[in-house]
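Student: Work the whole structure out from these sequences, hints included.
These protein sequence lines are chains H and B, in that order. Quick note, in this note's numbering, the first sequence goes up one by one and the last residue is 485. Quick note, in this note's numbering, the second sequence goes up one by one and the last residue is 485.
These aren't lab readings, by the way, just hints derived from the structure by calculation. What you are looking at is a predicted structure, and each value in this text was computed from that prediction instead of being measured. Be aware that a few hints might be false.
It does not matter which identical chain is used: a pair holds within one copy or between any two.
As the list claims (entries may be wrong) - Distance condition first, Cα-Cα at most 30 Å in a straight line; then the derived DSSO-like pairs of lysine-lysine: (1) Lys84 <-> Lys(-15); (2) Lys177 <-> Lys106; (3) Lys80 <-> Lys476; (4) Lys477 <-> Lys169; (5) Lys418 <-> Lys(-15).
There are 2 protein chains.
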Amino acid sequence: MSKQAMAELKQLMNEVTLIGSTAAVLGWDERVYMPRNGSAHRANQLAYLSGLRHEKFTAPVVGKLLEQVEGTALVKDPISADAVNIREIRRAYDKATKVPKKLVEEIAHTETVAQNAWVEARKKNDFKSFLPHLEKMIGLKIKYAEAVGYDEVIYDALLDDYEPGASTKSVTAVFKEFREELVPFVKKILNAPKKPDVSILEREYPVDRQRIFGEAVAAAIGFPFSDGRLDVTVHPFCTGIGPGDCRITTRYNVRHVNEALFGTMHESGHALYELGLPREHYGMPMGDAVSLGIHESQSRMWENMVGRSKPFWKHFYALAQGTFHEALADVKLDDFYFAVNDVRASYIRVEADEVTYNLHIMVRFELEQGIISGEIKPKDIPAAWNEKFTSYFGITPKTDREGCLQDVHWAAGLFGYFPTYALGNLYSAQFFAKAKQDIPDLDEQFEAGKFDALLGWLRKNIHSQGQRYRSEDLVKVVTGKKLSHKPLMAYLEKKFKPLYGVK
Amino acid sequence: MSKQAMAELKQLMNEVTLIGSTAAVLGWDERVYMPRNGSAHRANQLAYLSGLRHEKFTAPVVGKLLEQVEGTALVKDPISADAVNIREIRRAYDKATKVPKKLVEEIAHTETVAQNAWVEARKKNDFKSFLPHLEKMIGLKIKYAEAVGYDEVIYDALLDDYEPGASTKSVTAVFKEFREELVPFVKKILNAPKKPDVSILEREYPVDRQRIFGEAVAAAIGFPFSDGRLDVTVHPFCTGIGPGDCRITTRYNVRHVNEALFGTMHESGHALYELGLPREHYGMPMGDAVSLGIHESQSRMWENMVGRSKPFWKHFYALAQGTFHEALADVKLDDFYFAVNDVRASYIRVEADEVTYNLHIMVRFELEQGIISGEIKPKDIPAAWNEKFTSYFGITPKTDREGCLQDVHWAAGLFGYFPTYALGNLYSAQFFAKAKQDIPDLDEQFEAGKFDALLGWLRKNIHSQGQRYRSEDLVKVVTGKKLSHKPLMAYLEKKFKPLYGVK
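Tutor: Here is the structure:
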């Protein structure tokens, strides 16, 4: 009886997944190759698929089937595939059915309008023109959070969309301890007399050779071009279509080698996670990624802990010099390595280095809580932003464009999304420390151009788990300890103290 | 009441169209950019969409709504948009609901298996290994035709899938008259002592420059790159995604300039038709193409009547010589023009010139009728093919690979499809003769690189009509006469007699 219900539930979820993965192909195509005038029709296609998916997923039969499997022998072992699937389908089903369809549509509509308004406002540095849209979106997201419900504070409901099970309280606690060590550490580095010569990264790096180098690096770390593609878009992204098909994009800047190089490694990290999910569970939570934070831990690890490491460049620098001969022939490995690890106080999050990046997130995390709780009025966001930013960075944005207008997230209604970036950094350091413990010669392997041991470790410990554990538990299961700022702080200190000659 | 039903019917058809156009994106992606290992998942996605589309289209509610609008004031004017939509939805609905789902699935399954068997059989020139699959497919298609029903002969039911309303009898009549003049004409040309030097087309034509030249020509004849793309695939095709989005592909052969050049013009012709359909009727038959034959008339006109014409090359030859300087610097326009109009008896349809091409189709059309009526047993196809081929071409295929194994169509169950290729040639000549009558200086316009008057004429007379008329009627409405072989015969004689110096 319950087995039959479970089989039916799987069948329905498989349908929902196929619709979602179809939309993923259309979304990829829209951003990569769609002709310009196809956009109106594409919006119709995607709106239809999104409605169809919602209709299938929130059908009362799903609720009935869940009731038939919950509390049965299927969930006896809470980390068995069936139990995990039931747990996570229930979570998503409750969320999806609690929100009135009208509210979903209103958010979707406001999202489109507000994003367009944001583009204009950012261009003209005109927060006031964006304010009514932001106010509307905040109001809607508060309604959404109320509809979904929460245990402690209202922001929990939003955070949970991107980091299931995480609470404002626990994230705040980790961020606070982290910040208390990070802020003085950042100051030390910024005051260090030693500075890298970053101009060497801004020499001429021909795009066609960047492409060859980037694809070589992606292939070397394990991105399988039989199961994916690398294309060019204005905003780089990774999209998993389904088993055997995960695609990444990048953008090339002829006068800045970093963007495509580390961007490609970052997106490759996301793709390796997607492609490493257990195929036998495709279509069910057991075959899906845990959270945005865990996803980001994978991209960040390959981008920073691998791609910006000395052992990595010991292996790849000769190839880089050969590929970018005009730019790098006279540059020493140590100078290149220092340059790609430049740390500086900057206003723009997406351009931030791996040390200061986390402070950018903390600014947003704290503001978002105030915005959603109502303590910060939308009109007061610019002032609140600048105050908070100054206290962490010691510099004050001169314009809102450099401040609260820089990111699209709020216009898109993505409150609760930002913290997952810093959580990703924290997870990545804690996982990487454990991986190094389990594979003691990891540095030597990187120096030899071998990355399969690390990838194998990630596959075994993280990718193959699907959603068996929520992020908090996954960290504990994999590393034996709950999430802490210490591994990331230790990693940053070990790497950047000698680079900058600080103690 | 009937207006309300009509609105509901439109809503349902719109859904069906969106599902179909979503599958079109996935199909395009599969053939153009999908990573190799994505194919199993893609098959699942497409099977799901195909089932969903069928389910929505054959739902009893569609039949009920049709009954509510048929015989009402909506169909009073039989060529009004509503009447046309009702007529064509009824036709498709009856066909779709008459065929048992099991038979549809069996055909789909056999298609996949038989196509794989065909690939192998063709490679090894082994008809026997293909025979059981072909027998099965023929049996299924006969069952299909019986299920669908027909007025006169069983082959009508299949022909009607691709050329709605056409009958075996009427097509046979036109082909017969055509053949009686074409066969002796072909003989005359083949016996002419004058022959073009086709080796000039087999010099080196760098692929990157072919691409630039091909895109320039496509843009010049009106293919809008804002509403489409040109990509590379093994088998060139055109796919309409929806309003503002129609994509074509080609393939480049560095040692044969014809393939990409005329192939691009051919696919552009298909795309111009798709993009010229009336947008306000998108999703309904009034916004859709008439038939495969009418579609082919558009591709053939741009490929042959424009692309292989002297006025076209008077305009484009200087650009061709500049683009392919090494290949064409010493070649005179007249010699190039003669070479691209080479006529020869050949075994392979897809390589045939515009004169003999029609005979290739007639061979297939006659064999198909015998196969479906049961007069020709599947095992006797090779002998029947060779006999028929010899009688039309005067040469006999030495292998089945050059004979009945050359095309994929029968393996794919596409009986009734071939005649639309020759019908397309016939329509194109009859339309083109009328266009020349309406626009007397068409040649001068081509010489000046202007193609908008022809495109405008096609849009007004053909594209914008959607499915208002079935093909037979469309020809009458546009040209004032029923379909005849005379315009095509006259066109061929006027063009090829002076080229080959025959009378």
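Student: Does each hint fit the structure? Answer for all of them.
Tutor: How the hints compare with the structure:
Proximity of lysine 84 and lysine -15 under a CA criterion of 30 Å is satisfied inter-copy only: 28 Å between copies versus 35 Å inside one chain copy. In the homo-oligomer, the alpha carbons of lysine 177 and lysine 106 never lie at most 30 Å apart, since the shortest distance is 34 Å inside one protomer and 68 Å across protomers. For the identical chains of this complex, lysine 80 and lysine 476 are neighbours neither inside a copy (47 Å) nor across copies (74 Å), given an alpha-carbon limit of 30 Å. When the C-alpha separation of lysine 477 and lysine 169 is checked against a cutoff of 30 Å, the pair qualifies only within one copy, where the shortest distance is 16 Å, while the shortest distance between copies is 83 Å.
Within a single copy, lysine 418 and lysine -15 get their C-alpha atoms no closer than 42 Å, and across copies no closer than 71 Å, so neither meets the 30 Å cut-off.
Of the hints listed earlier, those the structure fails to meet are numbers 2, 3, 5, in rising order.
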